[in-house]
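Student: If you're matching them up, the sequences are chains A and B in order. The letter at position 226 of the first sequence is residue 225 when you use numbering that gives the first Met the number 0, and the numbering goes up by one with no holes. The letter at position 103 of the second sequence is residue 102 when you use numbering that gives the first Met the number 0, and the numbering goes up by one with no holes.
Since the hints were derived computationally from the structure, they do not count as laboratory data. We put the CB at the ideal spot given by N, CA and C, even for glycine. Fair warning: there could be bad hints in the mix.
As the list claims (entries may be wrong) - Mimicking DMTMM-like on lysine to aspartate or glutamate, the simulated pairs with C-alpha atoms at most 20 Å apart in a straight line are:
{"no.": "1", "chain 1": "B", "residue 1": "Lys277", "chain 2": "B", "residue 2": "Glu456"}
{"no.": "2", "chain 1": "A", "residue 1": "Lys247", "chain 2": "A", "residue 2": "Glu303"}
{"no.": "3", "chain 1": "B", "residue 1": "Lys32", "chain 2": "A", "residue 2": "Glu61"}
{"no.": "4", "chain 1": "A", "residue 1": "Lys149", "chain 2": "B", "residue 2": "Asp393"}
{"no.": "5", "chain 1": "B", "residue 1": "Lys156", "chain 2": "A", "residue 2": "Asp28"}
{"no.": "6", "chain 1": "A", "residue 1": "Lys67", "chain 2": "B", "residue 2": "Asp379"}
{"no.": "7", "chain 1": "A", "residue 1": "Lys135", "chain 2": "A", "residue 2": "Glu62"}
{"no.": "8", "chain 1": "A", "residue 1": "Lys291", "chain 2": "B", "residue 2": "Glu260"}
{"no.": "9", "chain 1": "B", "residue 1": "Lys488", "chain 2": "B", "residue 2": "Glu132"}
{"no.": "10", "chain 1": "A", "residue 1": "Lys15", "chain 2": "B", "residue 2": "Asp373"}
{"no.": "11", "chain 1": "A", "residue 1": "Lys126", "chain 2": "A", "residue 2": "Glu9"}
{"no.": "12", "chain 1": "B", "residue 1": "Lys262", "chain 2": "A", "residue 2": "Asp293"}
{"no.": "13", "chain 1": "B", "residue 1": "Lys234", "chain 2": "A", "residue 2": "Asp293"}
{"no.": "14", "chain 1": "B", "residue 1": "Lys227", "chain 2": "A", "residue 2": "Asp352"}
{"no.": "15", "chain 1": "B", "residue 1": "Lys223", "chain 2": "B", "residue 2": "Glu355"}
{"no.": "16", "chain 1": "B", "residue 1": "Lys226", "chain 2": "A", "residue 2": "Asp370"}
{"no.": "17", "chain 1": "A", "residue 1": "Lys100", "chain 2": "A", "residue 2": "Asp51"}
{"no.": "18", "chain 1": "A", "residue 1": "Lys236", "chain 2": "B", "residue 2": "Glu408"}
{"no.": "19", "chain 1": "B", "residue 1": "Lys226", "chain 2": "A", "residue 2": "Asp334"}
{"no.": "20", "chain 1": "B", "residue 1": "Lys226", "chain 2": "A", "residue 2": "Glu350"}
{"no.": "21", "chain 1": "B", "residue 1": "Lys334", "chain 2": "B", "residue 2": "Asp373"}
{"no.": "22", "chain 1": "A", "residue 1": "Lys135", "chain 2": "B", "residue 2": "Glu414"}
{"no.": "23", "chain 1": "A", "residue 1": "Lys2", "chain 2": "B", "residue 2": "Glu132"}
{"no.": "24", "chain 1": "A", "residue 1": "Lys135", "chain 2": "B", "residue 2": "Glu456"}
{"no.": "25", "chain 1": "B", "residue 1": "Lys124", "chain 2": "B", "residue 2": "Asp107"}
{"no.": "26", "chain 1": "B", "residue 1": "Lys488", "chain 2": "B", "residue 2": "Glu456"}
{"no.": "27", "chain 1": "B", "residue 1": "Lys71", "chain 2": "B", "residue 2": "Glu95"}
{"no.": "28", "chain 1": "A", "residue 1": "Lys264", "chain 2": "B", "residue 2": "Glu414"}
{"no.": "29", "chain 1": "A", "residue 1": "Lys346", "chain 2": "B", "residue 2": "Asp81"}
{"no.": "30", "chain 1": "B", "residue 1": "Lys32", "chain 2": "A", "residue 2": "Asp28"}
Claimed, not checked - Facing chain B, according to a computed beta carbon distance under 8 Å, are these residues of chain A, among others:
{"no.": "31", "residue": "Lys7"}
{"no.": "32", "residue": "Asp28"}
{"no.": "33", "residue": "Lys29"}
{"no.": "34", "residue": "Gly139"}
{"no.": "35", "residue": "Arg146"}
{"no.": "36", "residue": "Glu259"}
{"no.": "37", "residue": "Pro263"}
{"no.": "38", "residue": "Ile314"}
{"no.": "39", "residue": "Pro317"}
{"no.": "40", "residue": "Lys345"}
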Amino acid sequence: MNKIEALKNERQNIIKEYSNKKIPDTYLDKLSKSINNIQYVKIKEIIEETKDTKSFILTPDEEKSTYKLEPFKAGQYISLKMFIDDAYVTRAYSLSSSPKKSLNEYRITIKRVENGLVSNIMLDEVKVGDGLTISKPIGGFGYNKIRDEKNVIAIAGGSGITPFMSMAYAIYDGIDDYNLTIIYSVRTEADIIFKKEIETLNKKCKKVNILVTLTREEKEGYLTGHITKSMIEPYIKEFNTIFMCGPKEIYKTMNEILAEFNIPKKSVHFENFSIEYTPNMIETYDLKVILKNDFIITKCKSDETLLVSMEKAGIKAPSMCRVGTCGYCRSILLDGKIKMVGSSLKKAEAENDYFHPCVAYPESDIVIRLDI
Amino acid sequence: MIYDYLIIGAGLGGLSAGLNLVSKNKKTVILEKNSLPGGMTTTFKRGRFEFDTSLYDIYDYGTKDNIGTFQKLLKRFDLNLDTTVIPFNALVLDNENFNFEVKGNFEDFIFNIENVKKGSLPGLKEFIKITKEVHEALRIIENNQEPNEEEYPNFYKYLDKTTLDTLKDLKIPLVSIYILSYTWVDLGINLSKLNFIDFAEYIYKLIFKKDVILNTKSLSFTLKLVKKYQSGGGKIYYNSEVVNVTKKDNLFLVKTKDNLEYKAKNIIGDIFKRYFFKDLYTLEMKDVNKLENARSLSPNGIIVFLGLNKSCEELGLKNYKYYHYNTLNSDACIKTMNDLYHDTYEVVVPNVYNKEASPKNTTIVILKKTYYGDALNALDKTNYETLKTDIAQDLITKFENHFNIDIEEYIEEIEIATPLTILKYSGSVNGSLYGYSKKGYDASIHRLISYESEQIEGISFVGSSSVFGSNADNSFHSGIYVTDKLLNKGGSKNE
Chain A
0 MNKIEALKNE
10 RQNIIKEYSN
20 KKIPDTYLDK
30 LSKSINNIQY
40 VKIKEIIEET
50 KDTKSFILTP
60 DEEKSTYKLE
70 PFKAGQYISL
80 KMFIDDAYVT
90 RAYSLSSSPK
100 KSLNEYRITI
110 KRVENGLVSN
120 IMLDEVKVGD
130 GLTISKPIGG
140 FGYNKIRDEK
150 NVIAIAGGSG
160 ITPFMSMAYA
170 IYDGIDDYNL
180 TIIYSVRTEA
190 DIIFKKEIET
200 LNKKCKKVNI
210 LVTLTREEKE
220 GYLTGHITKS
230 MIEPYIKEFN
240 TIFMCGPKEI
250 YKTMNEILAE
260 FNIPKKSVHF
270 ENFSIEYTPN
280 MIETYDLKVI
290 LKNDFIITKC
300 KSDETLLVSM
310 EKAGIKAPSM
320 CRVGTCGYCR
330 SILLDGKIKM
340 VGSSLKKAEA
350 ENDYFHPCVA
360 YPESDIVIRL
370 DI
Chain B
0 MIYDYLIIGA
10 GLGGLSAGLN
20 LVSKNKKTVI
30 LEKNSLPGGM
40 TTTFKRGRFE
50 FDTSLYDIYD
60 YGTKDNIGTF
70 QKLLKRFDLN
80 LDTTVIPFNA
90 LVLDNENFNF
100 EVKGNFEDFI
110 FNIENVKKGS
120 LPGLKEFIKI
130 TKEVHEALRI
140 IENNQEPNEE
150 EYPNFYKYLD
160 KTTLDTLKDL
170 KIPLVSIYIL
180 SYTWVDLGIN
190 LSKLNFIDFA
200 EYIYKLIFKK
210 DVILNTKSLS
220 FTLKLVKKYQ
230 SGGGKIYYNS
240 EVVNVTKKDN
250 LFLVKTKDNL
260 EYKAKNIIGD
270 IFKRYFFKDL
280 YTLEMKDVNK
290 LENARSLSPN
300 GIIVFLGLNK
310 SCEELGLKNY
320 KYYHYNTLNS
330 DACIKTMNDL
340 YHDTYEVVVP
350 NVYNKEASPK
360 NTTIVILKKT
370 YYGDALNALD
380 KTNYETLKTD
390 IAQDLITKFE
400 NHFNIDIEEY
410 IEEIEIATPL
420 TILKYSGSVN
430 GSLYGYSKKG
440 YDASIHRLIS
450 YESEQIEGIS
460 FVGSSSVFGS
470 NADNSFHSGI
480 YVTDKLLNKG
490 GSKNE
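Isolated chain A, as found in the complex (with noise of 0.2 Å):
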């Protein structure tokens, strides 16, 4: 016998004296799939924080098969699943809770916006003991201790207070291990979220400083003003890394001030809070969507980005951030002109016509190709 069949022969008399067993999962086989893409949660809780913004505590429901939810880093954000009629619709909101709590309990801060779909539904309709869909927590915002210096600087505009809060409980909760410090700009004091725990954080954790600035009032206690140089100032140490998270306007204003600061670009970080589009003209296109065994056809609108035109579809279109930085909602633009508003696109998707729908606004008729 030749020395090639030899080899093949002593490979086969090895295998066959191994069980013909199914293998069991490997531990890390078993982790991965126990990690849930989707949870199935209840409302444990609503708390009325100003007139228009409401908290949700969420724990895992039973009933659905979550029995725990999964961890989260402090500054992460959930995605929220809902039928809405006969439109599938998601939004991302940050996680405001300790990450310490987050087996069993999760806590999301939502303000009404003016014609929205569904902070108004959670607002208005959602009570104690509904159920809700969210996604696992995902998202990069927050203190990294490899990358971040030990002095933190967050600016929050409005509910843009949320993931910082999360941040603040991490400190607190001996999770992480840094000084904070959160200028949170507010019209008024009636509009400060989470006021209470904002105090008793103050008093209670040494390396958690909160102050609160209102902009259409002056109060006692409280700084006056939109956010300023000055105010800056005294909490600048030799090495700083810097969180903003709120509307666009304070990110404009802060890259300024920090400029005067001489921070590097790397110690900035901004959560993608919402995008901010008007076209020139308000016209209905068609938009065709090529699914995987099925096409729809329906309309859009140069003022909504193609995502929220399909979802009103009730096509399931996936999303995540909604902002154009995770890249879960990304298809390919068959035919079209479209615009794009702050997407982080690669550059090899971008040549081969991929697309974000969720900053993506029409600007002619429309063709996609959505593998859903």
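Since the structure of chain A is provided, determine the placement of chain B on it from the hints.
Tutor: Same frame as chain A, now just chain B:
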């Protein structure tokens, strides 16, 4: 619609299989669970950095005049890669203060070994000659023939020998063996376990076909493959995770997570055989699990991707690669590599040869640490973030200290991949880096010669878990090799 072939997974093996099948007018569909193609060959974006997850060395592509197998196979479909040939360029250290810099071409490397240890040269030259012999013999086997024992005596002599034994047999001094095999960690197995044929073929490719890198991001390459495949009539669906495969009346019924069903005459899995039979295929298969039970896994690891806000010149990162070993002796080293904070790792700085790797005045640095054993089973849901961060922190600090280079203060973006990340995106068994271990009877040569006898009716496997093992060239090659066989069923040789 009944497809001739249904391919599970759009990794390089799945894509090359698809390209080959549609070029022969077979009705083919690829189902990919992710929303982009490539499998292990992909990119991800953080801030202004786009990180490639692989292809930092492409083997067997060759140059314009000296074409490698990978290039030859791409040419079949009028495809090519936009590449640059790179020289050897690595700084290697170990804890026993052994250190050397590898620079230039392979000849320079060989002469440097001779400089370190006089008398190494004859054995090394003999070894290089043998790599050529091995390479040719392997091509003959691939074409279903048997190499002549008189023409290929060394191939037969060392067929079932380990790398360490063979190199010793060739009278190469031990220290020279260690230097010659300084990249053993990339092969995922220590020298006294690594089959000589695997090592010889690896070195052959490096010497004769050079090491090349992509000038573009790997995603532009994989999307090009997809376009070509589609232009030939091939279908590909993303977000299509296969959850169940069954067979009825000689037809495979394939169900995906989104409740669609596909019918096909043949299945090609660009996924691990283990997962296919464990999690997807519902019918009993004779003996199919025996092989899987017999197999051992290659190491898993932690990969730290850094985006730095300075150029590599400014940071003093001169070398393309940095290796740090506990000891250059792979057999002793491997025993230290099951401690979470062990000190064997490798680092690649793509910007050294690819100025487009990241924006101007920035650098990408990728640190990789492998674990032999179950050390990373220490990860669980609740410690996941902190533990992986601690390991990454330790790795960065070690690199800074060992090589005297500051990187930490320039970190703008950081991402840490764990076995869970690799399992999720690529489906590599147990999240391992090189798939199944090539130990003993499971080396590439054993897989190749047993290919025919281990075939399963209607179900074939391609990709890094199949016939040639890991790396882009092998994965791509496997897709062509397997489909050529399928297309030529009954006939013997292709082309």
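Student: Against the structure shown, which of the earlier numbered hints fail to hold, in ascending order?
Tutor: When the structure is compared with the hints, numbers 3, 5, 9, 10, 11, 17, 24, 27, 33, 36 and 38 turn out to be violated.
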